[in-house]
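2 protein chains.
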Amino acid sequence: MAISEFDLIARYFAAAGAQRTDVPLGIGDDGAVLACPAGCEVVAVTDTLVEGTHFLSGSSPASIGHRALAVNLSDVAAMGARPAWALLALTLPAADESWLAAFAQGFGALARRFGVALVGGDTTSGPLCITVQLLGLVERGRALRRSGGRAGDELFVSGTPGDAAAGLALERHRPATDTAETRFLRERFLYPEPRVALGEQLCGWASACIDLSDGLAGDLGKLAAASGCGATLEVDDLPLSAALRSMQGPEGAWRLALTGGDDYELLFAVPPARMAAMSAALPAGRWGYRRIGALCAEPGLHVTRGGGVIEFSHRGYEHFSG
Amino acid sequence: MAISEFDLIARYFAAAGAQRTDVPLGIGDDGAVLACPAGCEVVAVTDTLVEGTHFLSGSSPASIGHRALAVNLSDVAAMGARPAWALLALTLPAADESWLAAFAQGFGALARRFGVALVGGDTTSGPLCITVQLLGLVERGRALRRSGGRAGDELFVSGTPGDAAAGLALERHRPATDTAETRFLRERFLYPEPRVALGEQLCGWASACIDLSDGLAGDLGKLAAASGCGATLEVDDLPLSAALRSMQGPEGAWRLALTGGDDYELLFAVPPARMAAMSAALPAGRWGYRRIGALCAEPGLHVTRGGGVIEFSHRGYEHFSG
Chain A
1 MAISEFDLIA RYFAAAGAQR TDVPLGIGDD GAVLACPAGC EVVAVTDTLV EGTHFLSGSS
61 PASIGHRALA VNLSDVAAMG ARPAWALLAL TLPAADESWL AAFAQGFGAL ARRFGVALVG
121 GDTTSGPLCI TVQLLGLVER GRALRRSGGR AGDELFVSGT PGDAAAGLAL ERHRPATDTA
181 ETRFLRERFL YPEPRVALGE QLCGWASACI DLSDGLAGDL GKLAAASGCG ATLEVDDLPL
241 SAALRSMQGP EGAWRLALTG GDDYELLFAV PPARMAAMSA ALPAGRWGYR RIGALCAEPG
301 LHVTRGGGVI EFSHRGYEHF SG
Chain B
1001 MAISEFDLIA RYFAAAGAQR TDVPLGIGDD GAVLACPAGC EVVAVTDTLV EGTHFLSGSS
1061 PASIGHRALA VNLSDVAAMG ARPAWALLAL TLPAADESWL AAFAQGFGAL ARRFGVALVG
1121 GDTTSGPLCI TVQLLGLVER GRALRRSGGR AGDELFVSGT PGDAAAGLAL ERHRPATDTA
1181 ETRFLRERFL YPEPRVALGE QLCGWASACI DLSDGLAGDL GKLAAASGCG ATLEVDDLPL
1241 SAALRSMQGP EGAWRLALTG GDDYELLFAV PPARMAAMSA ALPAGRWGYR RIGALCAEPG
1301 LHVTRGGGVI EFSHRGYEHF SG
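As you go down the protein sequences, you meet chains A and B in turn. Everything in the first sequence is counted per my numbering, starting at 1 for the first residue and increasing by one. Everything in the second sequence is counted per my numbering, starting at 1001 for the first residue and increasing by one.
The set of hints was computed from the structure by calculation and includes no laboratory data. C-beta: ideal position from N, C-alpha, C; glycine also. Keep in mind that a hint or two might mislead.
Calculated Cβ distances over 12 Å to all of chain A for the following chain B residues [said to hold, decoys possible]:
#1 Ala1081
#2 Trp1099
#3 His1173
#4 Glu1187
#5 Glu1193
#6 Asp1219
#7 Pro1271
#8 Ala1281
#9 Ala1297
#10 Arg1305
Straight line, CA to CA, 20 Å or less: simulated SDA-like cross-link-like pairs of lysine to any residue [unchecked claim]:
#11 Lys1222/B with Thr232/A
#12 Lys222/A with Thr232/A
#13 Lys1222/B with Arg11/A
#14 Lys1222/B with Gly28/A
#15 Lys222/A with Gly1028/B
#16 Lys1222/B with Thr124/A
#17 Lys222/A with Gly1221/B
#18 Lys222/A with Gly1026/B
#19 Lys222/A with Ala109/A
#20 Lys222/A with Arg1011/B
#21 Lys1222/B with Gly26/A
Computed footprint of chain A on chain B, listed as stretches where at least three residues anywhere in the stretch have a Cβ under 8 Å from a Cβ of chain A [said to hold, decoys possible]:
#22 1051-1060
#23 1138-1150
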């Protein structure tokens, strides 16, 4: 690699993130020094994007930079924390300056929007791979967990799941003409919007929360299992975008909403006793979430459509059984 | 990858690190929750190891696991901090269970020895690449920096630099017979010992500190430049191991000590006024460090041998000029 590690970091990333007053020492030493405010706990997450696994070869570097941070912001949001400080470990086959500039722009714009300081990192030579570690802050004892749900809690999801999976399919097999709908879906994959403000607001209301990365059905299964419950889910209640329904048809749309990955929406449970107050404090219309089911005592995922039970597997096969 | 991410983490890493009481929530949720004690700051570091760049293809997985954590422990040590919590991002071409078990053993043994809890991570499919993020704790305002040195401060190095580079050369070109000396040098590359206790003890004594990863001469140049100084270094004062001198000869040994990488020793500066008290508190013999030079006002690295100036470049060429 022609440009040294130091030069790389200094040139493209030194000013990429937000400026924060709680960073006594940032990029450029052996480590960063961070000041955690009294009464807060630190939430730590990490996620890796690998070329060919998490994004297509030749993807827009601005999108890769955005997504590398967004997937971590989504994890911090699912914990109900405020994002604060990021470390970026970047492995590159070559120091392509225009690629780096676009990557840093995509990463930096999102970091500044969410007040995240880039406080350190490492650049190495090798196959393209990006690991971000993100630290957030949450009031002591208030972090959301997957495990706090109880049978009877109502289930909600933000946004319109399935769009990102449809967008990825469009990135893979570009249609001859790009419409407003295909552009919308591709953007939903390339530039996911982490639900950071919603996650913070859910502290005190939600009993359990998880972010959607591997598909709604699978991630709901994880939340329910961690909470020692099962879950019911009504297909007709899924919030589906007009673009997704138009592209996939009604049948394909809900299947993709349940099984498609890369949504980075929040799925959360709320005890019935808190419902009225939460609806008043966080109106569903303004905050963009919708009820899709409930936790139940019986283990497993119980999917209904128009009230009738359907047998659903992650592979997308279904058999009507009631 | 046949085994799911969740299974991988659960099976090999859940119990790999130390148990700590300051981890309200560890592996298994969207993020970890960490309790920073009052009066402390958090030190955050990250380093990546890539197959073929930082270790040879086919290297012992136990060594890779050890080194992935050790290089980060060394950065935390250079900041004078106590290591506390680690995140592990592991990209693997395949889920080879015996490889994973050995990697987790190498990583876990070092983590437990230094009281590091493994609190989260991510496993992905792709070319072999390991990124560790390590968080440490240091009393507020006490972290060591590269930039605190002043002209006149004396320079010290721990251990015997150059051994790891010689060990790597032996790993590349295995000699027909392995001797006690070749084994010693190979171990110094495969299982570096981060100077965590020394780093912590140096708070309050050292004016500046850096860990050796890219070679003593280059890393000294970084410390001196960050401190707005130059540095003098006497080749005859370099602490060289008997094994290194035996393998490389006296000439080759000091060259490798100056230019070889992967030492993970500490290089630090101490103001003359603190020397007597530091020597009493941290006897050099017991703590394994040695004086090799001093910071000076004139920029650049000024290398002497037996008092005579030698012209030294990182490429290992020298021309006697005095």
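Against chain A, does Ala1081/B keep a CB gap of more than 12 Å to every residue?
violated, 7 Å
Distance restraint between Lys1222/B and Gly26/A, which requires alpha-carbon spacing of 20 Å or less
holds, 16 Å
Has the given pair, Lys1222/B with Thr232/A, been kept, meaning a C-alpha gap of at most 20 Å?
violated, 59 Å
Chain A over the region 1138-1150 of chain B, status - at least 3 residues with CB closer than 8 Å:
With 7 residues closer than 8 Å to chain A, the region 1138-1150 of chain B meets the three-residue bar; holds.
Distance rule for His1173/B, whose beta carbon must clear each one in chain A by more than 12 Å:
Non-interface label stands for His1173/B: nearest chain A Cβ at 22 Å, farther than 12 Å.
20 Å Cα cutoff - pair Lys222/A, Gly1221/B
violated, 51 Å
Minimum Cβ distance from Arg1305/B to chain A greater than 12 Å, as the annotation requires
holds, 28 Å
Quick check for students: does the CB of Trp1099/B sit more than 12 Å from each CB in chain A?
holds, 18 Å
Against chain A, does Asp1219/B keep a CB gap of more than 12 Å to every residue?
violated, 10 Å
Given pair status - Arg11/A, Lys1222/B, alpha carbons within 20 Å
Distance of about 17 Å is within 20 Å: holds.
Status of Glu1193/B, Cβ more than 12 Å from any chain A Cβ
holds, 17 Å
Against the 20 Å threshold, does the CA-CA distance of Lys222/A and Gly1028/B hold or violate the hint?
holds, 10 Å
Against the hints set out earlier in the document, violations occur for numbers 1, 6, 11, 17 and 19.
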